[in-house]
Each structure stands twice: as C-alpha cells, then as structure tokens.
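Trainee: Using the hints, build the complex out of the two chains.
Below are the chains, spelled out letter by letter.
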Amino acid sequence: MPSTLVIGGGPAGLAAAWAAVQSGDAVTLLDDNPALGGQIWRGEIPARYRRFLDPRITIRTGVQIHSATQLPKADRIILATGTRERFLPFPGWTLPHVLGAGGLQAMVKSGLPIAGKRVVVAGAGPLLLAVAAYLRKRGAKIVLVAEQAPYQRVSRFTQSLWRTPGKLLQAAQLALGLRYRTDAWPLRADPGSVTIQGHGVLPCDYLACGFGLVTNTELPELLGCRVDTGAVITDSKQRTTVPHIHFAGAGSVDRSILEGQIAGFDLERARALYPARDAAVRFDRRIDEAFQLRSELSTLATPETIICRCEDVPFSAVWQQRDWRSAKLQTRCGMGPCQGRICGPALEHLCGWPAASVRPPIFPTRLENLLDLRD
Amino acid sequence: MIAVTINGRRVDVEPGTTVAAAVMRGQAGFRRSVTGELRGPLCGMGICMECRVTLNGRPHERSCQLLCAEGMEIATDA
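So the sequence lines, in the order shown, correspond to chains A and B. Just so you know, the first sequence maps onto residues 2 to 376 in my numbering. Just so you know, the second sequence maps onto residues 6 to 83 in my numbering.
Note that these hints are calculated values from the structure, not bench results. Be careful, since some hints might not be right.
[Claimed, not checked] To give a feel for the contact side, a few chain B residues facing chain A, derived at Cβ under 10 Å: (1) Val-18; (2) Arg-30; (3) Pro-46; (4) Ala-80; (5) Ala-83.
Every residue gets a Cβ at the ideal spot worked out from N, C-alpha and C, and that includes glycine.
Just chain B, same shape as in the assembly (with noise of 0.2 Å):
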C-alpha cells in the first residue's frame, strides 16, 4: 500500500492508483470554480482539468494523470 496525505488526513491506497481516484474515494469536490462552484474530475484523462489539485505545494496539477506515491501531499480547495 502506498500512504498520502489528502488535506491533513492520512490515506492508504493500491499501487497503480491516481491521484484522482485517491481523491474521490473521500469527497466528490476537487476544486472551486472562478465563481465558487465546487467541481469535480469531467474526463478522466487529462483534458478537461476540473480535477487540478496542489501536489507537494505545487498548484494546479491534474490529478488524473498522476499515479499517487508514497508520501504525496495533496490538497483541494474542498
């Protein structure tokens, strides 16, 4: 199992999972939009960029597209 952190809260999960799908396995919110809608992953692979979260303090990375790893700090606006 590999541990990341999602907003604070500790999480295990299978090799070969995304950053995305470690994500909504706990909340459906990734993000607000420029108004303050919260959003959530459209496509699922890589080009609708509503599942941008911050990535070891790195704003704006699409979650789909990266597998998570051990120690990962993720963070979404939700």
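Next comes chain A alone, as it looks inside the complex (with noise of 0.2 Å):
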C-alpha cells in the first residue's frame, strides 16, 4: 500500500488526508496544533467536513517539525502548512493588548471570555469582518472595524459578489449591525486605547489587528520547493517542484478543500476538481485585489518602533540596510525565535524585501529533540 504523509491538519490538510484513503494509500496527519481544523476551525470541524475524519488516518496532533530529517518515511507528501496574518508595525503594536484580528479569534475560542470587552478590529481583508462577527456573538462590543482599503475598491468588489450571491449573503449577514469604515487604519496604540485614521482616538480592551495572510512557506522551502514572492509553485495536480511533494491550501476555506482533494486523489478524480479549484483561485485573486495595501501603511513605523519584535531593533537601525541578509547580520532582526515569521512580511512591505532563505532547525527546538534525531 502506498503511503502517504500529511502535514497540517487544518481544511486543506483534513481534505487531502480523506481524498488520500479513498485513493487506497496509508495515510499520516502530523499537525503543530492541539486540535485538528486548523487555524480557522480550531477542532470544531462543521458537520459537513466530519467526513475528511476517516478513522482510517492515523492522526497525530502537537507535533512540532523543525527538521526534514524528524519526517516519517512516505512515498508522498503533502503539506498544508497554512497561513498566518500579515502584521504591519505600527506606534505601540508590541502592547500587550494588540493582538492578531485572527489572533484574538483564536484566543477566544481556545478559553478567552471577551464577553463585554470593547474591541477595535482593524487592518485589510474579509477576515475582519469574520473575526468581528464572531467576537461580538462571544459578547465582545465591537467599537469599529477599520478596513484600510479605499471604499471604491471594496464597493467595486461587494458588487462584483452578485456572481456568487451565497458570498454575498455571507458577507451582509457578517457585515449586519457591525460599524464597517473603509480608508481606516491604525496610526498608533496607546494602552487602552487605539488612533485610527479618519476616527481618532477610540478607547479599547482589545485592537484586534491583521493585514491580511501570508503563506507559511518555510517547510516547503526547507524540502526543497520552489517558493515565488510569498507562493509555493505548484502544478494543477498541486505537485511543487519536488517530486513526490505537493503543496495545498492558500487563501480561503473553499479553496483549501479543493487544493487538499486534489493533492490527495489520484489523477482522474483530481481533474473532475480543476474547475472548481481554479474559480476559487480566481475569487481568491478578487479579493487580494480589492483589499491590497496601501502606501501609507508603510510610513506608520517611527524610527523608535520596534520592528523585530524577538530581539527588539528599531525601525531606524533596519531602514539603512541593503537587504534582509545585511539586517539580519547587523542589527540581529529577524534572528530571534521566531525567525523573522512576523517582521520578515513586515519589511517585505515596508522595505521591498524578499524573504531570506530558511534553514533547519525552522523552529527553535531543544538539544535534546535535535540529539534524537540522530538515530
């Protein structure tokens, strides 16, 4: 029986799993997480997708890779590693109450009350309004949701939603009853509370503050993938450039469904999904459109605000080096625990930087689990 490995257990991650038992292999799910569902399901997996639980995968949650040479052998892989948000920085982003928009949705559902906390949600894309509407039926008041994008952007994209009027309905049952400002975004955070522009200074418990997502790209990278400007390269079949290694799930839950069967699925089955597959992409490449960054995000930092968040630089020492590598090697951004997993997207936008090459261990780890991996 073929076997086959997956990483990530969230929708990409869960569907690839299925569609690779049906295909008849032997299938592994490792995820870094607690519970499976990922980032945006967070182990409650809606009724329809229970399905992808086949009892066949041998499931294993909590597991951290930091190392190709930690993977279980297999005759394929599939990763679906996911994404994470994009933080810009910002005067007082490192506060202890400014978290990710996907961040604090996360808190909350793994044991955070916000019941009657007031929340300022802020930044860009469709998310916002997910995590608005969630944390307000959580009992949070939510003061505002500031989306940066210019209102004839997203006004253009709303009405370009009659093509998919289940989205449509989705986001005006998300966008009922919540304060939505466009051409808003944070100038700078103070304890307690938050400046947006355009609607100044608004008292909150919480800023709940996301600039979109970004691909965790570093496994793929680490197995030898070709990544382009923040993409793992995949073929239709979602084959990357490394034999045997295929690479699902960037962008919406839709998307991710159909990226994961068609990774797990043998060839024909997988075709029947191109179309449907490849329309998701394209709403995917909509949205990127409609809620892409504006220039002045990238003049928010002062030269005092810190950048590199592990090891603490300031904007000023980072904005005169040549690139990320001299960054790194000079002023130590991006060399702390993180590995420059958050101030790495920051500078791409606030620099024009591309990411630096990963190398192993891609997580900090103990000498203990590295000394392991020895036999």
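Mentor: Have a look at this one:
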C-alpha cells in the first residue's frame, strides 16, 4: 500500500488526507496544534466536513516539525502548512492589548472570555468582518471595524459578488449591525486605546489587527520546493517542484479544501475538481486586489518603532540596511525565536525585501530533540 | 474544571482551555522582551513566540499551543 504523509490538519490537510485514503493510501497526518481543524476551524470542524476524519487516517496532533530528518518516511508528502497573518508595525503595536485579528479569535476560541470587552478590529481583508462577527457573537462590543482599503475598491468588490450570491449573503450577514469603515487604519496604539485614521482615539480593551495572510512557506522551502514571491509553486495537480511533494491550502477555506482533495486524489478524480479550484483561485485574486495594502501603511512606523519583536530592533536600525540578509547580520533583525516570521512579511512591505532562505531547525527546539534525530 | 497554578495562584479553567487563554484571563503581559518591554500573545497560533511562559519549570514554552492540564504550574515574567 502506498503511503502518504500529510503535514497540517486544517481544511486543506484534512481534505488531502481523506482523499488519499479514498485512493487507497496509508495516510499519516501530523499537526502542530493541540486540535485538528487548523486556525480557521480550531477543533470545531463543520458537520459537512466531518467525513474528512476517516478512521483509517493515523492522526498525531501537537507535533512540531523543525527539520526534514524528523519526518516519517512516505512515498508521497502533502504539505498543508497553511497561512498566518501579516502584521505591520506602527507605534504601540507591541503593547499587550494589541493582537492579531485571527490571533484574538484564536484566543477566544481557546478559552479567553471576551463578553463585555471593547474591541477595535483593524487591518485588511474579509477576515476582519469574520472575526468581528465572531467576537460580537461571543459578547464583545465591537467599537469599529477599520478596513484600510479605499471605499471604491471595496464597494466594487462587493458589487461583483452578485456572481456568487452565497458569498454576498455571507458578507451581508457578517456586516449587519457592525460599524464597518473603509479608508481607516491604525495610526498608533496606547495602553487602553487606539488611534484610527479618520476616527480619532478610540478607547478599547483589545485591538485586533491583521493585514492579510502570508503563506507558511518555511517547511516547503526547507524540503526544496520552489517558492516565488511568497507562494509555493505548484502545477494543476498541486505538485511542487520536488517530486512526490504536493502543496495545498493557500487562501480561502473553499479553495483549500479543493486543493487538498486535488493533492490527495488520483489524477482522474483530481481533474474533475480543477475547474472549481481554478474558480476559487480567481475569487481569491479578486479579494487580494480589492484589499491590497495602501502605501500609507508603510509610513506608520517611526524610527523608534520596534520592527523585530524578538530582538527589539527599531526601524531606525533596519532602514539603512541593503537587504534582509544584511539587516540580520548587522542588527539581529529576524534572528530571534520566531525566525523572521513576523518581521519578515512586515519588512517585505516596508522595504520591499523578499524573505531570506530558511535553514533548519525551522522552529527553535531543544538540543535533546536534535540529539534524538541521530538514531 | 481543571486546576492550574499561575504564578503561584490557583486558577480553574474549562477543559480545552489553552495555557495562553488561562493566563490572559488574569493579566495582559506574559513575558519581558530583551529590552524589558511587557509582551503578550500576538498571533495565537504558535508562530510569533510572544506568549512564551515557563511551564512546570521548562522555560520558553509556547502557551498558545498547549492545553491546560490538571496541576500544571505556569510562570510568567510579569
């Protein structure tokens, strides 16, 4: 029986594991988190997708992959390492009441009470609305949803949703009763408040803030898959440039599930899903266009603003550097425990530097774990 | 309910609560940065490393990726 190893238990990974089992493979799925479902579902897998949890899949959660030698042997690997939020530095973004938009949602889903708390949600993209709607359902007072994109772009995008009425309905339900404003972005955060462009100082218990999504390309890169401008290069069957390694799951849930199935199925069954996947990719592209980051966002950081939160490197130390590599060598920017996962995408926006190459271990780990790998 | 200790104080949480969520119920700051700034969770998904705590004596554990277990001893910088 051919074996498939799936890394990542979000929508794409679960769909891939299920599809690979249907195709007769012995499937092992590994995930870093305590529960399956990825960041979007977090253990609450919707009823219509529970079939993905086929009992024939060997599932191991809470497994952190830090190097390639740690991976169990398999005939085929499907990487479904997901996405993370992009954070942009502005004065006060390192204060403890400032979290990611998805970050605060994750905290609430994992046990943080939010009822009665005042929350400003700010940044870019449709995730802001989803987060605000979720937090409000859990009792939070949503002070404002601040979308940085200009009104014209967002309204053009909303009007185009008539082509996909289901999505329009979804957006309308989410937006219902929320104070959603375009052309608005955080200028600075202070303890207990945030200043939003066009809206002044807003007192809040939390600022939930995210500027779109970044693909987690560290493991694909480590395994030699070609990555271009933040995306893992794949063919129509979701194959990367490395034989036997597939990649699935960048973007929306719908797209991730389709990509996962395409990666997991045999060629014939996969092909039937290409048109739906291609449509989902086109939809994601329209989202990216509508919510692309405005240039003003790269001027928010002052010379004192911390860019690298691990090593506390201020913007003034980084901006004269030639590139990411020299910033690392000269200032230790990106050299801390997150290994540039937070400041890398920020500097990509601020300075136009493409991310530097990765090296193992891709997560900090204990020496004892590295020593275990010798046998 | 699960009983954990946060900086010596007993806290009861629902099963399924992460260590990060348990700590954040009582305080915003988790750790001191290399220059002494107070920091708390940012990404909530095991990537930013801002939520690190000392867990049962082991430093630098990512609190957002770990579930509370009975008797856990959690210590923060602040």
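Trainee: Indicate, hint by hint, whether the structure satisfies it.
Mentor: Status of the hints after comparison with the structure:
1. Val-18: This hint holds: Val-18 of chain B lies near chain A, its Cβ roughly 6 Å from the closest one there, short of 10 Å.
2. Arg-30: OK, holds: Arg-30 of chain B within 10 Å of chain A, min 7 Å.
3. Pro-46: 6 Å, holds
4. Ala-80: 17 Å, violated
5. Ala-83: This hint holds: Ala-83 of chain B lies near chain A, its Cβ roughly 9 Å from the closest one there, short of 10 Å.
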